[in-house]
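Participant: Residue numbers (my numbering), protein chains in the order written: chain A, 1 to 121; chain B, 1001 to 1886.
Quick caveat, the hints were computed from the structure, so don't treat them as lab data.
Worth double-checking, as some hints may not be accurate.
[Claimed, not checked] Quick list of in silico lysine to any residue cross-link-like pairs, SDA-like style, CA-CA up to 25 angstroms:
1. B/1332 <-> B/1361
2. B/1556 <-> A/22
3. B/1555 <-> A/22
4. B/1612 <-> A/22
5. A/74 <-> A/92
6. B/1519 <-> B/1556
7. B/1556 <-> A/105
Remember, predicted model here, so these are calculated numbers, not experimental data.
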Amino acid sequence: MARILLAEDEEILRMLVLDTLEDEGYEIDEATDGQEAYERLLMNDYDLVILDYMMPRMTGLEVVEKTRNDLNKKNMKMMILSAKNQQADRERMKEAGADYFMSKPFSPQQLLETIGEILGA
Amino acid sequence: MFDSRGYFAFGTDTFLENIEKKELQINKDLTTFNKVYRSDEDKALSSEIQEFTNRYFNESLPSAIQYKREGQLEELVEMSQSGGTQRVNDVLQSLNSFESDVQEEINFIYEEKDEKTSTSQWIYFSFLTFMVLVFIVLIRLMMKQFGGPLKEIANVSTQITNGLFVTDVPHTQRLDEIGLLSQAFEKMIRSTQDNEQELIAQNEELAAQQDELNEQQEKLREALSTTEQNEKMLLRMNSFIHSISNTLDKDQLLKSIISNMVEITYSSKGLIWLIDGNQTASVGLSETEQIQFKQHFPDSGMFEKLKESSLSHQVMRDTSTSERGYVEQKYKSGDLYIPIFSGKREIMAVLVVTRIGSTYSCDEVTEYQGLARQVALSLEKIMLYEDSEKQRVTMKNVMNSIHEGIQLIDNKGNIISANQKFCEFMSCNLPDQLTNMRYEEWTRRLEGRVQEARELLAFIQGAVHEKNDVGISHVFELDGEVKRVIQIYSESLIQNDTKLGTVIVYRDITKEHEVDQMKSEFVTTVSHELRTPLSSVLGFTELMLTRELKPERQKKYLTTIHQEAFRLTSLINDFLDVQKMESGSQEFDKKYHSILPIIQDVIDVQKVNSDKHVFVMDIQTEKLSVFGDRDKLSQVFMNLISNAIKYSPEGGKVLVRLYHTNKHLIINIKDEGLGIPQSAIGDLFTKFYRVDNSDRRKIGGTGLGLAIVKEIVKVHGGQISVESTLGQGSIFTVKFPVIEDVYVNASITMDKGQKADIIIIEDDRHLAGLITEELIERGFQIAQYNKGEEALIMIEKLKPEAIILDILLEGEMDGWQVIQTLKANENTKDIPIFISTALDEKQRGLNLGAAGYLIKPYQPSQLTSSILQVLLNKEKNGHILVPEEK
């Protein structure tokens, strides 16, 4: 089954995403901030990384940039899940190397479908 | 001889030197004698002396000297005795004999000469006498021949001189010189007489001409006098104009006018009164006299007369005692009143001059009226100047009071003028320092303080050369102690189709810029803060709707949804609070509360959310009362204590300490958390301000909490401040005005036997009954009215301790009018009024002076409690009785 890393500083949102995905059989690793997420990425490979944008220590954007540039994990799927949904923000995320973007508030069903598409593809 | 004998006797060489000199002298004398001798005897004597001399000096004397030198005195004596001395004596005798002969001959010659001289004198005297006699005879002959005719001619001359007409001149017939002289004299007389006739005629003509000339001269003199007078007048006028035109100070001008006028008009004293401003200046007048003039002259008939006639007017009068000085008798003086009219023919000043001892002539008055026109011109000029100066100062003040920097530049870009604000932008002290500053200089100064100067200079160039489009503006950042954001725009200054220059306006939009930035950040923050709980709410509800969930999970999800919904509500309430505070519509239900249970409740709630923190209360005072809105006070401490928890994520002690000073009840909330950077402390209570606005901020929040706290504290007459050390924690300090502890609760005990009357003005009889019942139960005496008019009469009589007032009443008056009437009455203004109404206009009621405001429906016990609190508080001030509790 696909392995997913979820980085989100809001505990309740982590629970929401976790419950949504685990029920569908995904294997989830959790990180509570950007720095922790990056450390997990140093040690593991994931099929998909879901990152919040605004997080302590390292932002989601910085994690994407460092993963793409320093870890040489060019093919790893990376999704940003953020309340920042302005066009400029999306462009910055795309430039940094994020593959997908989903804005908050989000539909768990829609998240599942999107992940299904990403991983199925 | 004596020298030779001296030598022989004493042997001194000096004698030898004398002998040599005498030898030379003897030889010289002999030579002279040889030239003059005349007889043979003289010749023989000369030869004898010559021979003796030769022998004596060449033979005898050298031998004798030789003997002396060799000491052969015997030979020397022998030589003397052998005839040497005798020979000398012989020669001397011959010489003496010769001298006697010569002397005799001289005497004979003198006698002969005296005889001849006597004879010559006698001959000379006789000749002289003869010559005198001859001369006298000749004179007499001359007088007879020439003197008589000449005298006759002289007589004729005298006659002519005396003006007599002479026809004949004597001796013209003579052929000698006298005849010629007479003929010439006669011709001269004829010619002179002819000339005289002619001269007389000419003289007469000249006299006539002279008369004419005299007449002309008289006329010219008169004309000259007039011209001189005119010239003097012009000089005076010129001097006057010159002397009064050199000042722009009104006081100085008035002094100058009056002192010059007094001098020019030869007056003793004078005064000028400027109607606009009731200002005077004088010469020779006391302060009292000036005041007297200012007080009485405007109402005098003279003033009206001057205004109507537009002419000067003279008053002739006897001199006063003081004006006469030491002179005893009275004499006349003139007071000349000269009106000064403006160009619009309005009287603007009056000039009065006084001539003691004489009066002013009509010509003088006319002349002085002419001067008055010059005075008017000067006064108008200075008034114009003052107006213009006033306008200039006003304009300058207006320019300087404007918050925008304003700069007027000419068509080359050089500064014409600038205001204070622009001066501040340019870091100068006074705007005048910028006047006339060249374009290159001021743009260089500006350029040094602007980051993107090229764009700014391009804009200014566009303004100078009128290339900027209408409405175009440019924004730049100005470096300095505080960075400023300036918006600049320009307008051309055009007069009569000619561009005079350009006005450039610099608007400090730093605050707006900051607010814009803050708003932008706020939108981002709000978006984030709202989206996060919304994600949970929407997400979990979707899961519950789309999935079959176990009851435990359902409960867990519902609890989460509830919490997140609560979080959303708090956020929305914060926004609403801010909005209400800004619009001034926030309502506060103030009562006396003990602050302690309020804080304790907050801590109890917060404890649930945090297991890392230890809460400690340190109560050092008993004065714990605060007059305020319980919910809002709770909000203050909820916010501060939740912040203390949020910003100490690692846990630690949260200390709440209460103590008091003379004026304040002070509450400290201290944490051991992250602390606040010093740079952020100044902005901490600003709306939407967050210490960390970055994307990786650790702690959420809208940046509204502390702004709301500050506003609530302020409304309660308090203050809030913060101290913090980064990494060690923060202390928030709230101060409220200290209040003696009047807090009462339902179990308060009242003194027995005390009565208090309460009047209820209420048209809802059911409610009135309920309230009455409740109050009677608490021991009050009640009177009830349903019309304001009736109640007012009874209030005056009964003087109740409190009034309960409805707003909508039966009768003409409503509750607002009743409260206004009561508060306006000195006897009733201190009675506490509790408004009991369905209308939500609490602030209006409190503004009118209500002690309490209850919105229906409410529990009657709530009203009683309010009344008791107020009455007890009043009692603290020594006024009121509290009813007995039953």
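Participant: Please go over all the hints and tell whether each is borne out by the structure.
Facilitator: Hints, one by one, checked against the model:
1. Restraint check for residue 1332 of chain B and residue 1361 of chain B: the C-alpha separation of about 13 angstroms stays at or below 25 angstroms, so the hint holds.
2. At roughly 17 angstroms between alpha-carbon atoms, residue 1556 of chain B and residue 22 of chain A fall within 25 angstroms of each other, so this suggested pair holds.
3. In summary, the hint linking residue 1555 of chain B to residue 22 of chain A is supported, as the alpha carbons are separated by about 19 angstroms, within the 25 angstroms threshold.
4. Pair hint residue 1612 of chain B plus residue 22 of chain A does not hold up; C-alpha atoms about 30 angstroms apart against a cutoff of 25 angstroms.
5. Among the hinted pairs, residue 74 of chain A with residue 92 of chain A is consistent with the structure: their alpha-carbon atoms are about 17 angstroms apart, no more than 25 angstroms.
6. Of the supplied pair hints, the one linking residue 1519 of chain B and residue 1556 of chain B is violated, its CA atoms being roughly 36 angstroms apart against a limit of 25 angstroms.
7. Between residue 1556 of chain B and residue 105 of chain A, the direct Cα distance comes to roughly 20 angstroms. Compliance with the 25 angstroms bound is thereby established for this hinted pair.
Figure legend: structure checked against the earlier numbered hints; hints not met, in rising order: 4, 6.
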